[in-house]
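The whole structure should be built from the sequences, with the hints applied where relevant.
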Amino acid sequence: MITIIAAAAENNALGKDNDLVWHLPDDFKRFKELTTGHHIIMGRKTFESFPKPLPNRTHIVITRKTDYKPEGCIVVHSLEEAIATVTNDDTPYIIGGGEIYKMAIEVADCIELTRVHGEFEADTFFPEISSKNWKIVDSVFHDKDVKHAYSFTYQTYKRKK
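The sequence shown: position 100 = 595 (the numbering used here), numbered continuously.
It should be emphasised that the hints constitute simulated quantities derived from the structure, not laboratory data. Please note: incorrect hints may appear among the correct ones.
Claimed, not checked - Straight-line Cα separation of at most 25 Å, DSS-like style, residue types lysine-lysine; simulated pairs:
id: 1; residue 1: K642; residue 2: K511
id: 2; residue 1: K564; residue 2: K540
id: 3; residue 1: K597; residue 2: K655
What follows is the structure, encoded as structure tokens:
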């Protein structure tokens, strides 16, 4: 089951200048819990936004650059190649960025979306989730608090058969 995992605002904003536009510690914790032990598939810019590779995950980086060889990563040149590279993992996660999400939404089985309540200026956006193809199967609201400047909702979508 291919799962997209993302945090997107109500206007589908993902980030700006290769960084997130909010800081939600509980969302980072959930991301870690869900993706640990799995393959994580991402574009080069997303990978380069990390200070170092994320522990206890197999990193698959999609890039057009033929000489790109970051240490500890599998480098591929298409989403199809990335998916074909996954072995011994029933739930690889697509973790971004915007272009990778646009391709992945056509082939994914599940979307784990953190919907951040607000609209943000951004240069990278999550694709529209069509109710024709997707249904929400779980939704958990998290209000803003001392650690979270914005309220948000964890939403799990499954592809309609």
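Q) So which hints don't hold here, by number, going up? A) As far as the earlier hints go, not one is violated by this structure.
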